[in-house]
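These protein sequence lines map, in sequence, to chains Y and R. Sequence positions in the first sequence follow our numbering and run 1 to 307. Sequence positions in the second sequence follow our numbering and run 1 to 182.
Worth flagging that the hints you see were computed from the coordinates, not collected in a lab. Nothing here was measured: the structure is a model prediction, and the numbers come from that model. Some hints could be false.
For lysine-lysine, the following DSBU-like pairs were computed, each having C-alpha atoms within a straight-line distance of at most 30 Å [claimed, not checked]:
| hint | chain 1 | residue 1 | chain 2 | residue 2 |
| --- | --- | --- | --- | --- |
| 1 | R | Lys-72 | Y | Lys-183 |
| 2 | R | Lys-125 | Y | Lys-217 |
| 3 | Y | Lys-133 | R | Lys-92 |
| 4 | Y | Lys-61 | R | Lys-72 |
| 5 | Y | Lys-183 | R | Lys-57 |
| 6 | R | Lys-167 | Y | Lys-217 |
| 7 | Y | Lys-129 | R | Lys-151 |
| 8 | R | Lys-156 | Y | Lys-39 |
| 9 | Y | Lys-123 | Y | Lys-236 |
| 10 | Y | Lys-123 | R | Lys-151 |
| 11 | Y | Lys-133 | Y | Lys-88 |
| 12 | Y | Lys-129 | R | Lys-72 |
| 13 | Y | Lys-302 | R | Lys-167 |
| 14 | Y | Lys-32 | R | Lys-57 |
| 15 | R | Lys-72 | Y | Lys-300 |
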Amino acid sequence: MKNNAHFLFCFFILIGFNTSIYAQDLLETLDKEFPDTPKYEMSTFKTTRIAIGHSIENRKKGVLEIRTMSRFWDIPNNDAGQSFFVDKISTRVSLEYGITDNLTFGAGGTTFDGIFDGFLKYKLVRQQKDTRKSPFSVTLFQNASYRSKRFRSIFTNINKTEEFSDKLAFTSQLLIAHKFNPKFSAQIAPTFVHRSSSAFGEDPNNQFAVGIGARHKLGGHVSIVSEYYYLINPLKSIDTYDAFALGINWELSDVMLQFHMTNARSIVEDAFITQTRNNFNFNDGNFHFGFNATFILHFKNKLKENH
Amino acid sequence: MNKIILLLFFLTNFAGIDVKQDQIIARQGQISFFSYTSVENIEARNNQVLSIIDLSKNEIAISMLMQAFVFKKSLMHEHFNESYIESDIHPKATFKGSIIDFDPLLEGEQTKMIKGFLEIHGISKEVEIKTTIQNTNGTYALAGEFEVAVKDFDIKIPPVLTSNIAKTISITFRFEYQPYEK
């Protein structure tokens with residue numbers, strides 16, 4: 001009899017087990033069938049710049065970005081009288097191309113300060129969803145810039161201007177970002193700037209900075225962004241200020257527009273991080289309006305696997 | 001007594017296997033969607049759609065990850081996930097319903113209606129979809145085509161882009177099933 005009870009017990013357990021399988025919802029059954037491949041966070045930022053500085057984002061393979069970055073500002077006490085729109089405009093025009101999904105090359109030239117620059121950007125680590133394995137996205141950034149224009153005032157040329165190599169500067173950045181939720185992402189960017197020459201012996205050739213930036217999505221296509229670069233060892237020969245920007249990014253189809261208020265007049269990294277000459281306020285000459293327009297062309301137009 | 005229980009035990013166990021075989025699964029189902037407008041044609045495909053059918057009850061379920069859709073333009077993939085379908089918040093689209101008057105034992109092709117609830121972008125809507133079911137020696141394949149209205153699923157399109165995205169999106173699907181074993 002005891003044996004029987006044992007058997008009955010097993011019997012009911014088995015029946016119970018079986019029925020529990022049948023009663024299971026078909027969708028729940030499917031949930032378990034999804035392959036266990038890592039899921040990466042997409043679009044920590046949408047554009048390759050947060051506002052004035054680089055974000056961790058790269059363009060995908062075969063994508064060409066035609067980009068113009070402009071700054072508009074007024075000259076205080078302008079003798080020539082006030083211009084209709086703004087007194088001064090500086091524009092950097094560049095082409096940036098995704099060589100692979102992780103590697104982007106870009107080159108451009110800026111009108112106002114005559115800086116030509118080229119950069120490489122490599123996506124090293126991608127943040128993963130629903131796991132603690134990879135909580136951050138990490139991108140390496142390296143640029144080289146050449147200052148072709150010599151300013152009339154000697155004091156604005158903080159590097160020597162005789163030899164070609166005197167006019168070079170290099171910026172290395174480690175961009176680390178985390179997408180906290182679908183709306184909010186933040187980035188920290190330890191930065192090292194090396195300038196080949198210094199016109200004044202007191203100025204450091206190697207400068208360190210930390211950039212922080214964030215975006216908050218307001219809707220599907222609009223986000224508010226802010227960036228700040230803290231310079232650890234500023235130049236001594238001239239007064240410089242930390243670069244700051246507050247702006248709005250608007251992404252539509254193949255066009256991405258970025259509007260911001262900033263104090264950074266230069267556009268290339270080494271120049272605006274170490275040589276921003278004015279503080280952030282709304283006075284003439286200090287207030288800069290920034291506008292970036294990006295048009296994106298796809299050269300690989302076929303259905304391909306991407307993640 | 002003992003023998004009867006033993007018999008019952010084997011019977012239920014056997015029956016259990018039988019019932020399990022009534023479930024068939026498709027692991028690499030294909031769903032494509034198309035948006036045709038005069039400005040732009042958009043096409044996307046997902047080759048990793050899961051579907052399961054319970055042949056004893058004629059019930060069907062479909063589930064897919066929105067991130068698995070591939071586009072011709074990589075930026076569209078990003079916009080689709082971030083700005084339209086919001087796959088961070090609603091990672092999956094699902095369907096659950098039943099195939100009306102479906103006879104699993106009938107060989108060859110039969111055209112049936114599937115009635116059920118389609119959930120996209122977190123919004124569930126009752127739909128009826130026509131499908132052709134091909135049964136060759138107990139191997140089933142489902143295929144069909146239907147349309148959904150973008151506005152039914154609360155997908156916001158900015159006014160500037162209304163001419164780029166069609167109001168109704170046509171969707172084609174194809175699933176090939178095999179017996180489901182856990």
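Do the hints match the structure? See the list:
1. R:Lys-72 to Y:Lys-183: 26 Å, holds
2. R:Lys-125 to Y:Lys-217: 28 Å, holds
3. Y:Lys-133 to R:Lys-92: Since the Cα atoms of Lys-133 (chain Y) and Lys-92 (chain R) sit roughly 23 Å apart, the hinted pair holds (cutoff 30 Å).
4. Y:Lys-61 to R:Lys-72: 12 Å, holds
5. Y:Lys-183 to R:Lys-57: 42 Å, violated
6. R:Lys-167 to Y:Lys-217: With a Cα-Cα distance of about 25 Å, the restraint between Lys-167 (chain R) and Lys-217 (chain Y) holds, given a limit of 30 Å.
7. Y:Lys-129 to R:Lys-151: 29 Å, holds
8. R:Lys-156 to Y:Lys-39: Cα-Cα ~25 Å, so holds.
9. Y:Lys-123 to Y:Lys-236: 35 Å, violated
10. Y:Lys-123 to R:Lys-151: Status violated; Cα separation ~37 Å.
11. Y:Lys-133 to Y:Lys-88: 49 Å, violated
12. Y:Lys-129 to R:Lys-72: 24 Å, holds
13. Y:Lys-302 to R:Lys-167: At roughly 24 Å apart (the allowed maximum being 30 Å), Lys-167 (chain R) and Lys-302 (chain Y) satisfy the hint.
14. Y:Lys-32 to R:Lys-57: 21 Å, holds
15. R:Lys-72 to Y:Lys-300: 8 Å, holds
The structure does not agree with the numbered hints 5, 9, 10 and 11 stated previously, though it agrees with the rest.
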